[in-house]
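K.L.:
Using the sequences provided together with the hints, build the complete structure.
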Amino acid sequence: MGIKWDKILITGDPLILGSQIAILLTIVGAVVLVTYLKKWQWLWREWLTTVDHKRIGIMYILVGVIMFFRGGIDGLLMKAQTATANEHLLDAQHYNEVFTTHGVIMILFMAMPFLIGLMNVIVPLQIGARDVAFPQLNAVSFWLTFAGAMLFNISFVIGGSPDAGWTAYFPLAGKEFTPGIGNNFYAVAIQIAGIGTLMTGINFIVTVLKMRAPGMTLMRMPMFTWTSFIASVIIWASFPIFTVALALMTFDRIFGTHFFTVGGDGNPMMWANLFWLWGHPEVYIVVLPAFGMFSEVISTFSRKMLYGYKSMVFSVVGIAFLSMLVWVHHFFTMGAGPAVNSVFSITTMMIAIPTGVKMFNWLFTMRKGRIQFTTAMMWALAFIPCFMIGGTTGVMLAMGAADYQYHNSLFLVAHFHYVLIPGVVFAVFAGLYYWWPKMFGHMLNEKLGKLHFWFFVIGFNLTFLPMFFLGLNGAIRRSYTYSAETGFGPLMLVSSIGAGILAIGFGFLVYNIYWSARYADRNITSDPWDARTLEWATASPVQFYNFAKVPEVKSLDAFWYMKKQNKGLELNENELEEIHMPNNSGLPFVMAIVFGIAGFFLIFEWKIAALVALVGIFACLIFRSFDYKDGFHVPIDEIKKIEKAWRKVDKEVKNHVS
Amino acid sequence: MSANVNAALPLEYQSEQSRMNIFGFWIFLGAEIILFATLFATYAVMSHRYAGGPTQHDLFEINGVMIETILLLTSSFTCGLAIYEMHRNQKKGLLTWMVITLLLGAGFVGMEVTEFVHYVHEGATMQTSAFLSGFFVLLGTHGLHVSVGIGWAIMIMIQIAKKGLTPITARKAFIIGLYWHFLDVVWIFIFTFVYLKGMVS
Amino acid sequence: MDHHSNGFPITQVFGFVLSLVLTFVALFVAIKTSLSFNVIIWTIGTLAVIQAGLQLFMFMHLRDGQDSKAQTINVIYGVFIAVLTVAGSIWVMSFGGM
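Protein chains in written order, with our numbering: chain A, 1313 to 1970; chain B, 342 to 542; chain C, 11 to 108.
Nothing false has been slipped in among the hints.
Just some of the chain A residues that point at chain B, by a computed CB distance under 7 Å:
hint, residue
1, I1514
2, I1517
3, V1518
4, K1522
5, P1552
6, I1553
7, T1569
8, H1570
9, G1576
10, G1578
Each pair of labels, with its calculated beta carbon distance range:
hint, chain 1, residue 1, chain 2, residue 2, range
11, B, M407, C, Q76, 37 to 43 Å
12, A, I1378, B, M407, 53 to 59 Å
13, A, F1567, C, S44, 39 to 45 Å
Rather than coming from a laboratory, the hints here were simulated on the basis of the structure. From the three backbone atoms N, C-alpha and C, an ideal C-beta is built for every residue, glycine too.
P.N.:
Okay, here's the thing in structure tokens:
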């Protein structure tokens, strides 16, 4: 095992010491603040035990914001280290840890929570439902994600960070070449979060198939719901593969098996195979809901119905189908041979086709529309050219033979940042600006939003565009330094400056959230953008039961046509019935804590202790099995009161774009 | 979430939430198909990587495998009989056949544990080679699923004994039934592609 | 669901007996015949798939219930991904690796 007890707590590095102190102060500060405000009961009742999809979604988004900060710091550290040749800010070991945690956090603990969070808030509303199919399971999903994220994040404080890249290739990630427990954090923390995500996938498949309002056929669903549904199917298909891969990694590292080791006739390439069987569909899990968000934003702010709805649906299904057929393109150079490489080159290039269809549909939606340059729309507009760069460089990489030149160079790094950031991060920002009033009852400030936008987009392009050229000139990824003779210096410096500008942009977002929470006008309508889909047919923020009366859907863009024909939005109080809502539950929160404890023990290879904690997990499941509480009914008087309050406000200003 | 009760349907399908639970469980089983497929893929890739250690021919004994197979298959059959009794509203019949099912299942697990202990004594552990790592993790995952299923079924049976046959308890019984049948379906492929295949070549 | 109107669980018994038969036929083909390895594997593989399908319909009642269409699509797509994962992994790993 070789655990050095005197080295458990990471010491001796000023940066790490600073962060340890910062984390401690933040935790203590949070505890003190909540105690001072006497809000523990409120916290428990309203947030820790909630099964409300809207609250769960907001908590996911909060995790995403915090993790964006941590992952961003990692990125800035990398850029600071590589700004000049032969820099010594971070040594090689630290640099390895930083790029590993940067990758894992940005994809699994920033992008996924943001997207799943927005899915959680919006999808049930868009289909006219009152919650998801399995609300308590939904809470379990969130708290498991949270437990996994927390477990992963303490690695650099205690035990040591994983350092074999976010892809954790064997044999490097195995015990023989990376002793110590850092990579155990990778295997176990991600596994816990992954279980939560798989449950979310199943939850949303059932929700979308079984809980749509009457009249909402599949071909009348909003695009964001369609893409969220398809992403849930991809989660269902790919996460079980990752679960097994991580379990096998755990076995190799902690129990001495020989799946991916060099000894014992193991096969390290099998790790890469299984990882990417999951890893490629994963990027479509993040990008498809993002595309859905762009569809909503573009059609709303072009004042036009989405162009080519049917082809959009077929494209999304096509992309999802193909996404399971391309995974080897991530390891063309690993020696699978020309036949394998050729087949996967072709399937990879094929994915560009449905993606292109979507691009044209977005452009045609804007054509002859009346475009409103809100912050949300600007993110969508910037997405189009930036994602094109990412996508076309992807087709370059897709040619297996050519990829031997590009593979693992900065060209590759630039490509995936040009698809992930415009494709996912811009979309998340657009979604936040768009749906913020629906979530919180006030809007994000548009001026600050524009500052956020410009700094972020300019900073992003300055950071990553040079990396294409650096890559073509021979600069490789995951390299902590370079010599001056390479000539990489000037472009590396430009890139690092760009990262600083990017960070300022993120700072504007955080400031906007704070400023708007304090100063923004609360007296806004429930439909400030004059939007098209059903989530806007509710109060802002949304009533806890979503809809007093389940809407009847007669067309695509249901809400738009209800407004146009002035039918379906009025509330006849005689039609009101008691609404059945699920109980809150502390069990999801407790279960995640037990999972976290079990995970911690397993990471530190205290197998007996982990087994005991495992019993705790089973105890939670047994407790759940014997729980026959069946929710409560909201009395009609309470519904009347809540509906009166927000519907009166609505009679005044209809269109409210500040 | 209205109850949306349809009394014409079998007990386990009567409420809308129950229908969603059952449907959701089928989706979960689909994910489990993919999970086991990954374990099979790993076993397939590793199945000839012996590191100079024992091979399938050295270890597998057909008699034990056949007994395990008959035990599990019969338990899937008796589980079907249990649900059949449930559809005839026979709580006692349901519980009786479930007990038989779980006894057969426990017999399966017992035999499998004995089989593994025997291999370890022969010097074939999961740390010996990639083949054995793949074997033990695939079979072990299946065996663990069966063991968890036994515990889960006992919990359900306690609830049925206490609360009788209601739409909720019927749904729970139906779902554990699906789970149990699924594990036998997985075993068909273990029997075929691990044991039979290993004893041919 | 017609098997309820009978007093006898005919579907279950039929499924059980057929499964037993298929199991023993596979055993016989694998152990007692001297066909080529490939022929044996394809035969017992096919028998396995038949038995699995049998059990899906006769034990698990895949085609019952309001959601039978979605349930069936779910199983078919799951099997598709399963075959892809197994066959794809074997193919990709058969040339390269160590």
